[in-house]
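J.: What follows is each chain in one-letter form.
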Amino acid sequence: MSRVTPASIPDTQVMDRRNLDWYVDKAVQVLVFVGGVSAILFIIGIFVFITKEGFGFLTTTFDAQEFFTSPRWRPTSEHNPTYGALALIVGTASVTGLAMLVAVPFSLGAAIYIGEFATGKTREALKVLVELLAAIPSVVWGFIGLSMMNPLIIKLFNVPVGLNVLNAGVILGLMAAPIMTTIAEDSLKAVPDGYREAAEALGATRWQVIFKVVLPAAKNGLVAAVLLGVGRGFGETMAVLMASGHSINLPTSIFDSVRALTATIAAELGETAVGSDHYRALFTLGIFLFLITFLINLTADLVVRGIRKK
Amino acid sequence: MFEASDLNIHNQRAEKLWRLLFLMMTLLLILPVLIILGVLIHKGGPMISIDFLFTEPKDGMTAGGIFPALVGTVWLVAVALLASVPVGVAAALYLSEYAPDNWLTRAINLAIINLAGVPSIVHALFGVGAFVLFFRFGTSILAASLTLAVMTLPVVIVATRESLQAVPQAFREACWNMGATRWQTIRKVVLPNSVSGILTGIILEVSRTAGETAPIMFTGAAFFLPFLPQSVFDQTMAMSLHLFVISTQVPGVPEALPFGVALVLITMVLVMNAVSIAFRMVLRSKKKW
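Chains as they are written, first to last, in numbering that gives the first Met the number 0: chain A, 0 to 309; chain B, 0 to 288.
Honestly, the hints are just simulated from the structure, not real lab data. One thing to keep in mind: the hints can contain errors.
Unchecked claim - In silico lysine to aspartate or glutamate, EDC-like type, Cα no more than 16 Å apart, as pairs:
no., chain 1, residue 1, chain 2, residue 2
1, B, 187, B, 172
2, B, 286, B, 96
3, B, 42, B, 254
4, B, 187, A, 65
5, B, 187, A, 20
6, A, 25, B, 96
7, A, 211, B, 14
Work out the full structure, taking the sequences as your base and the hints as a guide.
T.: Written as C-alpha cells, this is what we have:
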C-alpha cells in the first residue's frame, strides 16, 4: 500500500489510480484467470494429444465393424493382426456391472445410515472410515485381489482360477463404494429439514420419512452418485489388470477370466514401438475410454444441476 | 397413561429393523478395510526393518529393501506438487474470488469434474503423447510428475476453493471499504484465513499422488534401477510400480516381500490421509466465525 499522507498527494495523482498496486492487482487478475482456464486447456490437451497419437490408426487400419463386433484382439500377430475390441468392452462392462451390483445397495445403505440415523461422534467416525477406504491406492487393491481374494475364491467355490470377473468385480465395488457413499450422503443432506419435519408432523415414522420423502427428493443426487461410480469402474486400471485374470474372453460366468480396456493399454503399451499400428490402436482405445467417461461425467453433472434448478 | 397401540409397536419394530439393516450395510463396507489392514500388518509386518527401508533390492528383486523406490516416490510427489499447487491455487482463487457466473465458469467447473473423472491410464497416454514425446522430456521424473500433476489438479482446486469460500464475505467487504485492491484483500485477509484449509488439501493430494501407478508406468517410472535419480531428467523407481512389478512380473519372489512393500505404501498413504483429516477437524473446532 502506498504510504503518502493526503496533503502530499498532488491533484493529478489522486485522479490517476494507476499506481503500482493497481498494476499488481491487474497482473494477479490475469494470472489467476490463466490458472482458472488451465483446467479447460488440460481437458482439451488430453483429447488433442491422445487423438494425435491415435489418429494414424483411425484413418487407416481402423475398421469400426471389426472394432466393435470382433472379440479377436491380436495386435501382435505377424501376418494378420486384428483389432477387435468387443471382448475388452464386454470385459470392462461385466466387471463394472458386477461392481455396481455389489456397490450400489451397500453405498446407498451406508449413505442412509450415515446421513439419517448416525449422529455425533459415530457419524464422524464412519465418515472418516469411508474416506480412508477411498484412500487405498488401486495397485494395493490389485495386490489384495491377487494375494487374498484369489486363494479365497479358489477355496470357496472350488474353481481352478480365482482371478476372474467375481474377483475384479468385488474389488472394484469396494473401490467405487466410497465415492458413491459420499456423494449420495451429500445429496441426502441437501434435502431441506422442513421436508422431514413436515412428514413427521403428519405422523410418518422414520423409515417412512426416508423412503417416501427423503429418497424421492434426493433422487437426482443418488443417480449422479451411481453414474460417477460407473465412471470410476470403467476407468480403473491397475486393480482390474491384476485381479481380472487378463485373458481375452467373452465371459459366460462370473468365474471366467476377462480383460478390460484399461488393463489392455497398461499391459501392452510398454511393448509397442512409437508410431506402430499397435501403439496407435492402444491410443484409439484411450480415445474411446476418454469419450465414454466424458459422457458419463457430463450426464452426472447435468443430473445434479437438475436438482439445483428446482 | 398412554399405551402403545399395535400400530405403534409395529412401526417401532420396523424402524429398528431398517436401522439395523443399514448399519449392517455400513459395517460390511468398512469391515474389508480393517481385514485388509490386519492381513497386511500380519504378513508384511515382519518384513519391515531399518534395513528393508534403507537398502536396495537384491537378487533380481527377490530380496533386499526398497530404498530407491521410496526415494523415487518422494521425488515424483515433490515435483508434481511444485507444478500443481501454484496452478491449482490460482484456479481456485479465480473461481472463488473473481469468476462471474457465466458460461466460462461453468465450463471450468465441468472441466475440473472431467479431469478428475478421466481414467488414470488415459492420463498416462496423455503424458506419453504430450510430455514424453511432444515436449521431448523423455521418460523422466519430469514427465511422470507433470502427468501426475495434471491428474491430481482437481484435488487441489476443489480443496482450496472450499477453504477460500469458507472465509466470510464480510471480511472481504470490510477490507475493500478500507480502499484495498482485490489482490491486497486476498493476500492480507483471504489467504491468511484459509491457508490451513489449503494445506489440508495439499496433504490429501500428496497421498493421492504417492499411490498412483498407471500414470507413471510409461512416463518415467522404471521397473528396476539400482541407483538413485540425480535430476528430474532421470528415470526412477517408485513404490506403487515396485509393488506391481514384484507381485506380477518377477518370478520367485518370497510371499512376504510384496506384503511388506504394500504395507509401507499403504502406511504412507493412510498416515497422510489421517493427518489431513485430523487437521481438518482441528480447524473446524477452532473456527472463530
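J.: All hints are to be evaluated individually against the structure, with a verdict given for each.
T.: Quick rundown of the hints versus the structure:
For the suggested pair residue 187 (chain B) and residue 172 (chain B), the alpha carbons sit about 13 Å apart, so the restraint of at most 16 Å is met. Taken as a hint, the residue 286 (chain B) and residue 96 (chain B) pair is broken in the structure, with Cα atoms around 21 Å apart against an allowance of 16 Å. At roughly 9 Å between alpha-carbon atoms, residue 42 (chain B) and residue 254 (chain B) fall within 16 Å of each other, so this suggested pair holds. Restraint check: the Cα-Cα separation between residue 187 (chain B) and residue 65 (chain A) comes to about 61 Å, which exceeds 16 Å; the hinted pair is violated.
Restraint check for residue 187 (chain B) and residue 20 (chain A): the C-alpha separation of about 14 Å stays at or below 16 Å, so the hint holds. With a C-alpha separation of about 14 Å, the suggested pair residue 25 (chain A) and residue 96 (chain B) falls inside the 16 Å cut-off, and the hint holds. Annotation: proposed proximity of residue 211 (chain A) to residue 14 (chain B) holds, straight-line Cα distance about 14 Å (limit 16 Å).
In this structure, the hints that do not hold are numbers 2, 4, in rising order.
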